[in-house]
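Here the structure of chain A is known, so what remains is to put chain B in place on it, guided by the hints.
Protein chains in written order, with my numbering: chain A, 1 to 336; chain B, 1 to 549.
Because the hints were derived from the structure by calculation, they are not lab data.
Computed from a predicted structure; not experimentally measured.
Every residue, glycine too, gets a C-beta built ideally from N, C-alpha and C.
Do not take every clue at face value.
Estimated spans, in silico, between C-beta atoms of each pair [to be verified]:
#	chain 1	residue 1	chain 2	residue 2	range
1	B	E503	A	R28	42 to 48 Å
2	B	K335	A	S271	45 to 51 Å
3	B	A128	A	N319	43 to 49 Å
4	B	K145	A	G270	52 to 58 Å
5	B	T352	A	V142	41 to 47 Å
6	B	K145	A	W62	54 to 60 Å
7	A	W62	B	P367	50 to 56 Å
8	A	N319	B	K335	56 to 62 Å
9	B	G292	A	V156	16 to 22 Å
10	B	N286	A	A29	39 to 45 Å
11	A	F148	B	G201	44 to 50 Å
12	B	N281	A	A25	32 to 38 Å
13	A	A29	B	K145	36 to 42 Å
Listed here are the chains, written in short residue letters.
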Amino acid sequence: MLRFVLRRLLQMVGVMVVLSFLIFAWLRALPGGPVSAILGERATPATRAALEKTFGLDKPIWEQYLLFLGRIVHGDFGASIRVQAGTDALEIFFDRLPGTIELTTFALVIAISIGVPLGYLAARRRATFLDNSSIVVSLVGVAVPVFFLAFLLKYVFAVQLGWLPVSGRQTPTIDATHITNFFIFDGLITGEYDAAWDAFLHLILPGIALSSIPFAIIFRITRASVLEVLDEDYVRTAEAKGLTARVIRGRHVLRNAMLPVTTVIGLQVGSLLAGAVLTERVFSFRGVGDALAVASTERDYAVLQMLIIAAAAVYVVVNLLVDVAYAIIDPRVRTR
Amino acid sequence: MRISRRILPAVAAGALALSLAACAQSERGGAGGSTLTFGAAGAPSTFDPFYATDGETFRISRQIFDTLIDSKPGTSEIEPALAESWEPDESGTKWTFKLRDDVTFIDGEPFNGEAVCANLERMYDQGADGQTAAEYWGSFFGGFKNDAEKDPSLYKGCEAPDETTAVITIDRATASFPTLLSQTSFSMQSPKAMEEGDANGIKAAGEGFTFPENAKNPVGTGAFKLEKYDEANGTVTLVRNDDYWGEAAKSEKLVFRIIPDESTRRQELEAGSINGYDLPNPVDWNSLEENGNQVEIRDPFNILYLGLNLKDKKFHDLKVRQAIYHALNREELVKSQLPEGATVATQFMPDTVAGYNKDLEPYAYDPEKSKQLLKEAGAEGLEMTFAFPTEVSRPYMPDPSTIYDALRADLEAVGITVKAVSAPWTAYTDNVTAGKYDAHILGWTGDFNDAYNFLGSFFTEPVANDFKTSNISWGKKLSDDLKAADSIVDEAERTKRYEELNEQIMTEYLPGFPISHSPPAIVVDADTKGLVPSPLTAEDFAPVSVGGE
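Excised from the complex, chain A in its bound form (with noise of 0.2 Å):
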């Protein structure tokens, strides 16, 4: 067992080099550049190439990417050149994720939360009004652009009613303190109660927004396999053995429906990285994906490189997560 996983960590590097790479190089043969966006339209092709030398964006790609290694050797990855100017991109990678988490962790918690219990009542009451209109609802989470249904919360929930706060992560004027960067968290252990709520607040429509499309998804899974479940051999025997439908509900028919639920689910964690892009740069919450939109559209490629490389790095952890379970539930894999 061991074998294998440092077998597949040894992979793990050699992805994360090519990987890296290929983002470097990718990056630098997209037009505009960090030098144009410093510049603006007042650079003389003199100031240009001299901030190009600074660079060093004047030396071959192989060489920076050597450079690239070099620097990140000694902890240096670069610093932002807009998205937070003259931070190391490391560290912004750090400041912005709890964000990203608290974020994405509370849609996964709706879309679990609402999408499990209401697939289960529709497959439980197939073909009545409520199946139906829920499927209506999936379907619309699924087909209406996230931008658009963020716009209409933000327009009915905090323009219009006032309820909700439009966007950010805190209302500025609260002066709370951040210890963690996680603002719940850091609300509830310095006893800034009203810090920690007013930071629950600005979590909720981007948390429905985002949490949109998993719902729809772990909706329509539930309910299918449900479904599917409510059709066994061994449903039919239990509800002959005279077992109670409490016991038949929650033992044999919700636990075996939840298989495929849990794997998509699992799936699900990659697409709201994903959609963490939009949402929080249209809602200005300052998470991993605002970084991210904001250092494309200004080409800071320090941040640009640290976010993808970072995220990538996320992905190959949780597959080798995933493949070591998979090694552990079924030996056979570790051979292959």
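Below, chain B without anything else, positioned relative to chain A:
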């Protein structure tokens, strides 16, 4: 009905949470009391304006720092600020500034002649990395101390004969001096803070810069001082400087909230959580006003032009260029595509700049004449790549693609074959500089009221990167004439010379085609009072208050 009974408490809890949310919100209500909250489109890139080039950084710096000279509120004219008066010697190269004697920096250090010289010397004495970051110094003063022989600087030296006097010597007479000292980049910072904070310790790190302490703890003489930059929450909080030498700021706190998305800034304003934001989309102006907000339209201080790449010989015949200009229906474009208050341009500068030639007639829209001229020049069937930028909105072109479509249709109507190309903003400016397009749309917002700031930026060498005028017979003469005009000391004489040059540019040379001047707007809510819109987009927030306090 076990399930519904289980769901009921959850529904009740949800409803309670929402109603609590409503209560909590109404208590906080965002910007109340004497806090002014302004929506910023981006994060400040530094708190040391010397190394900045972007408007969001300058907006914040302007509240924290003062310059020797400032622009008069609501105009592009200059007025005294930290310097009470200034006078040149006969040659126009030695300037004596009389300074205010009642100013201290927020760290208690006195503002005096020595402080002025310490600031200028610090700006001049940049290391290799600092030189590439200090774009404004490079643009206006040229070279730096350690390579003065290779690249001479406009700045020669500074002396402080007494507490309230600073004498600045420059290399040659130029109309831009001392006006250029009104630029926020050249703000006065505390010499002690600069020393302690290693002001010049900027370093290149990868494709960006890391800043020394001085750039994180700004120490100025302005109406506000920095309290906190909360990067995790995207807010910059300034507080009133109670020892300010001028009239104290009306608001106790000035908060900048970073909201990159324009429609979100608008929604925040409508929800009452910010008091204003800059550059509202012109299509929103009416509805913003209908909702009780104040859309302040600034006087246009910019130019939108259709630029030509004169490297290509097909544009070298004046008739071809005249034909292109006669083909453009600019009246219609301004009426249908540009915001209220926009005007048709007759030359490469707005009418508020000294040297504007008011007698110049606009080129008439005359497609027939255009076709005739093309025929005479033997350029029927002219083909050109014509480009526009995407994913950007500039004060002089709120929506590049609609402006482009109109211009392109005009060109095609006279038989010119247009190959449309576009690129995202940063790539676009790269390509224009590299001369990859035959024609492009671009513009300029003036830094201050000086003709050379417009004409010099476009047509002098080696700056002429957009029009490539060095490739045409008259290019060098135009560049030399403009430089000569800039060094005329007598203002009346200089103004007259620029008027002549403007006429010559538009009739004899026609290097490109001025299209329009557009007024950028700034919006504040109904309760916010005292904002004076600046044509230079250089608003001062000290006199601004919420709720008339």
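Checked hints:
| no. | hint | result |
| --- | --- | --- |
| 1 | E503/B with R28/A: 42 to 48 Å | 46 Å, holds |
| 2 | K335/B with S271/A: 45 to 51 Å | 47 Å, holds |
| 3 | A128/B with N319/A: 43 to 49 Å | 44 Å, holds |
| 4 | K145/B with G270/A: 52 to 58 Å | 54 Å, holds |
| 5 | T352/B with V142/A: 41 to 47 Å | 54 Å, violated |
| 6 | K145/B with W62/A: 54 to 60 Å | 36 Å, violated |
| 7 | W62/A with P367/B: 50 to 56 Å | 54 Å, holds |
| 8 | N319/A with K335/B: 56 to 62 Å | 59 Å, holds |
| 9 | G292/B with V156/A: 16 to 22 Å | 20 Å, holds |
| 10 | N286/B with A29/A: 39 to 45 Å | 43 Å, holds |
| 11 | F148/A with G201/B: 44 to 50 Å | 47 Å, holds |
| 12 | N281/B with A25/A: 32 to 38 Å | 37 Å, holds |
| 13 | A29/A with K145/B: 36 to 42 Å | 38 Å, holds |
Comparing the model with each earlier hint shows violations of hints 5, 6; every other hint is respected.
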